[in-house]
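Whenever a hint applies, use it, and build me the whole structure from the sequences.
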Amino acid sequence: MHPLLRTPLYLAALALMLAPGAFAQDAPAPEEDGPGVRFNGYGRSLIQQTGIGGTILDTDTLAVETLADGEFLLDLAVNAQPNDVTEVQGVIRVRNEFGGFFGSGVTVEVRELWARGIVADVLRYRVGDMDVALTPYTLYLPEADGVVNTPALFRPLREVIYHDEFYTGFNERRLQGARLDFGLEFEQGLEAADVRAFVARLRTTDFFEVPNRFIGGGRVGATSPRVGPYDSQVKLGVNLAYTWDDLESGDVDDGIRNAVVSVDGDVTVLDGDVFDLHLVGEGGRSAVRRELAPVDDDEGEPPPDDEAFEEDTDTFVEVGLAAQHEPTGLGASVMVVDVGPEFYSAAAQSKRIDYTRPKSVFDRVGAARDLRDVTLFDLTRDPALYTFRIADQLMTYDPRYGNVLPYGRATPNRRGVRLGLAYAPTGGPLDDVVAAALDVALLREIRGQGTEELKDFVLVRAEADVDVGEAFEWQRALELTLGTQFESTQRGGEPVEAVDLTSLLFEAGVTAEVYDRLDVLLGAKLRTSDGRDYLPIIEDFNDVQDFSAPFVTDDSESLVGAGLRYRFREGIYLTVQVQRFSYSADAAPDDDYHLDQVFALYTMNF
Amino acid sequence: MRTASLMNTSTLLWGLALGLVVALAGCDHATEFEGPRLIDRFGDFAVLDTLTASQETVDFAAGESVVFMAQFNKQVNWVVEVVGQESGAVKRIEGFSSTLTAENAEWEGRTTELPFFKEEPVEARLFVPEEASDTSRVRIEVLATREYEGIVVADFEPDSDVDIFVGNFEFEFEGAGISAEVPPAEGEAFYLLRGTDDVVNNFFVGLIDITPGGGGFFEVPTSVPEELYFNVFAYSFGTPNTIAVVQLIADANGSGEYEDGQDAVFPIIDRPVDWEGWQAISVPLSELLDGEITQAQAQEIVAVRVLLISDNNNQPMPPLPVDFGIDYITFTAGAPLQL
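From first to last, the protein sequence lines stand for chains A and B. Residue 534 in my numbering is what sits at position 532 of the first sequence, and the numbering runs on without skipping anything. Residue 297 in my numbering is what sits at position 288 of the second sequence, and the numbering runs on without skipping anything.
A few of these clues could be false.
Reference listing, derived: stretches of chain A covered by chain B, where coverage requires no fewer than 3 residues with Cβ under 8 Å from a Cβ of chain B [claimed, not checked]:
#, region
1, 118–130
2, 451–460
3, 544–552
What the hints contain is simulated information worked out from the structure, not anything from laboratory work. The C-beta atom is built at its ideal place from N, Cα and C for all residues, glycine as well.
Now the structure itself:
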């Protein structure tokens with residue numbers, strides 16, 4: 003057993019031995035409805051037309067300048083409860099692509115299957131499809147690039163992506179396997195403990211060079227009683243995520259072994275009516291290596307003399323204070339971060355966006371039929387770029403959309419401070435009127451890439467939602483949405499080593515209810531980037547093997563749109579929108595282009 | 010009592026928190042930079058110090074060596090090529106670095122491409138294949154050549170202490186014998202085998218038997234077949250349909266002398282001569298082509314037989330001449346002869 007795996011397993015066993023009482027956590031909600039069969043689901047109908055124009059087409063004689071497509075899609079969920087403690091569900095997807103000739107474009111597939119229940123009123127289980135998240139460093143789905151606070155105008159197409167890619171909004175990853183969890187209550191010493199365990203298969207073997215890949219792990223959490231004059235309390239958890247290849251499957255030479263163990267804590271130092279103060283943090287260690295497949299020869303083969311087979315281990319720690327002032331709704335946090343350069347957590351660092359995938363529209367443009375870079379337009383509306391899968395190694399990223407933390411909080415090779423401010427007053431004239439947040443990260447590399455010089459990073463993210471209608475007590479809603487992200491990457495040294503890259507992303511949106519349930523939507527997303535950086539070429543999970551040519555950018559893009567939305571009821575709406583996207587690069591004015599899109603989307607959740 | 014309990018609990022809480030921080034903050038990360046140097050990958054190239062040599066003359070036989078020195082502004086793949094002005098010998102030293110020093114650019118008199126260097130002037134030039142760099146040169150005088158490892162069986166020089174028997178269809182030889190028709194691999198002479206299988210069509214053109222001067226056994230540095238290497242330099246004129254065969258002959262009847270037909274024959278080389286120029290061929294005696302040689306037989310090698318074969322299956326009619334040259338036959342211990 004890998005040393006990193008022992009601690010959480012021992013803790014789980016110890017908790018079971020010590021627990022006088024046990025209970026199932028979060029019993030399945032459908033139980034409340036009782037046995038029976040129910041139908042629910044999700045449906046949408048989308049028709050859209052996209053056109054391209056601009057100077058890039060002046061020399062492009064092959065481009066089709068207008069594309070139109072659409073679909074009707076129904077995810078029909080059949081939910082059955084044979085008894086009070088068992089529930090099964092299957093989701094059948096029926097999709098009809100508009101333009102399919104008399105049903106030839108219709109596909110039917112099983113989108114989801116799962117069963118869950120409770121054993122002896124103690125142990126909760128689930129098999130089949132499930133959504134799992136642990137912590138940002140162990141098992142987690144980082145936020146998408148190019149998004150801060152999505153205006154309502156762009157949310158319908160984002161919801162399409164989220165639905166298709168099983169994004170729940172809670173940074174969970176869609177897995178297929180089995181999960182168990184239960185809780186424990188204690189009469190003294192601890193207040194409660196909870197145990198979760200899961201195992202899932204990430205991919206199947208091709209019986210040749212691709213082995214089955216699995217992930218397993220879980221969490222053991224404990225909560226102390228509240229003590230002292232300030233209601234102090236300690237919450238601690240031990241987390242494990244272990245990704246491995248079954249080297250007996252297929253005819254493979256080697257496979258991954260990636261273990262990540264962490265301890266997270268939330269110490270309530272002060273829990274008062276006016277002021278809360280918490281000491282929070284997480285720290286842990288990762289190990290990754292290639293494991294050789296067993297050989298039939300009794301004598302075996304000596305391990306190859308290759309760095310790829312050496313185990314890389316590294317640590318991370320994130321610890322700080324979080325405070326909340328209840329009367330004003332003001333919260334603040336300061337965190338010290340240190341994520342080692344060799345830290346590798348496949349299940350936490352895999353991105354939502356795969357920049358290497360082909361885009362759905364106008365993937366190649368220009369006289370040379372070059373690949374068009376991913377833009378805000380694509381990030382906003384193209385499900386083909388998104389994935390929920392766990393990658394084989396650190397994925398490619400675009401520094402214009404996220405250069406400071408391209409792999410989320412688990413981004414390796416970062417050390418520094420993160421500051422957070424949140425403002426969401428409750429009670430008073432601003433109750434439900436304003437919600438704002440500001441996050442600042444001041445980070446530095448721990449280990450240089452291609453030089454001893456280290457990059458310095460600055461990340462500023464701010465967002466705000468203002469409900470003007472609520473503020474003035476109007477009958478109709480008028481909501482403003484703002485979001486911005488500024489990133490700066492700097493490095494000194496020789497001219498060839500120097501890095502100076504800045505990017506700014508800005509989002510704004512207005513939602514105005516002009517008639518009963520009828521909204522006017524306005525939105526804009528702008529990005530501009532300037533400067534130079536080097537993008538590493540990654541091999542063997544997280545090793546920097548080389549650098550592609552210097553990444554030089556001096557471009558900007560804008561996506562603006564307007565539309566109408568009619569809300570039939572909660573979860574059912576029709577929206578018709580017009581959007582225009584413009585891209586321009588100062589260094590290549592002949593490559594400027596714009597995209598115009600018109601679409602109608604009817605969405606229903608039932 | 011209650012106050013004490015609260016203090017203990019508070020202490021425990023802070024202790025837990027502090028322990029968590031301390032335990033995890035002891036992070037020891039690798040700090041050596043990752044990947045290739047950016048300045049090497051993308052920086053402009055410049056020669057800071059042109060090529061120089063540590064000495065103008067060198068006596069390799071006395072154990073001297075030449076250190077080449079130069080400096081670039083970044084790490085590059087560089088090549089120092091030393092060419093003998095009389096022999097045409099070539100020594101190539103390659104590296105990836107920003108400086109040439111004794112660590113990576115020392116010449117001890119060896120060669121990369123045969124022939125060996127002679128006592129002659131040589132010219133060394135430094136160039137960077139990936140850069141359009143000017144080549145810098147330096148001249149050195151070789152006063153004495155390197156003494157190579159191993160025991161020489163035959164180098165076909167005038168003072169060579171071997172007997173050479175030319176026999177068996179020797180009438181098909183034409184111009185065979187000790188020669189300097191092309192620059193020898195070593196010294197001033199090599200042995201040329203040349204002829205045409207046009208008298209008796211049996212593939213066989215002729216042979217030479219090389220025996221120690223005055224008879225007896227060839228001296229070997231070790232008798233362990235796995236450790237004992239037979240080395241020979243062979244020259245190809247590019248003549249098609251030529252096959253070279255070399256056999257080791259060990260005393261089988263205890264006479265201590267070579268007696269054709271009575272002693273044990275071990276083929277060690279049997280291959281087409283399909284290359285250009287000189288080539289070093291090394292074979293451990295444990296890999297003899299036919300049968301195994303014992304440790305005792307390895308100590309009692311009485312002759313080296315070299316045969317010139319015409320590949321008549323591919324020859325036109327009448328067959329064309331075939332030829333190859335041999336030079337510097339040696340035994341080494343533990344490894345092939347290092348050029």
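Results of checking the hints against the structure:
1. 118–130: Coverage by chain B is violated for the region 118–130 of chain A (0 residues, Cβ < 8 Å).
2. 451–460: holds (count 4)
3. 544–552: Check passed, 7 qualifying residues.
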